[in-house]
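Asks: With the sequences and hints as input, model every part of the structure.
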Amino acid sequence: MLSGVDPHDDVPQLARSRFLRGMWAIVDQHGPPNGQTHQAGEAAEQRLLELGAAPDDLRAFARLVAFESLFAALSFLDDPGDGEAPDWALVETSGGELTGRRVQALYEDLGPDR
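In this note's numbering, the protein residues as written are 36 to 149.
Don't take each hint at face value.
Claimed, not checked - Here are the in silico distance ranges between beta carbons for each label pair:
1. 79 to 146: 26 to 32 Å
2. 74 to 140: 34 to 40 Å
3. 76 to 122: 30 to 36 Å
4. 139 to 78: 35 to 41 Å
5. 147 to 117: 25 to 31 Å
To be clear, the hints were calculated from the coordinates, so they are not data collected in a lab. All values derive from a computational prediction rather than experimental measurement. For glycine and all other residues, C-beta sits at the position ideal for the given N, C-alpha and C.
Replies: Rendered as structure tokens:
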């Protein structure tokens, strides 16, 4: 490390923040943000099981929510929305080198019944 050079200066903090904010917005579509995602979800699962919900039904519902979240995340990756810079892209590499090709529209090939 060069003296006086902060290694975090080259980290795209604004892009990271915008992207994670978008990902959390997708999570928040499935319930109010409460800062206790795992604890609240586990407690809800336990209550549903105690009420007689079948474990296979809960897994099927969880898979549906996961699919919807994945679809939304892949869509967000292609179109972050408001036009606010910076943007991002998923790009292909080979041997650690950029190939120059963007990987786009993954949501188009995401079938729910794989």
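Asks: Against which earlier hints does the structure fall short, listed by number upward?
Replies: none
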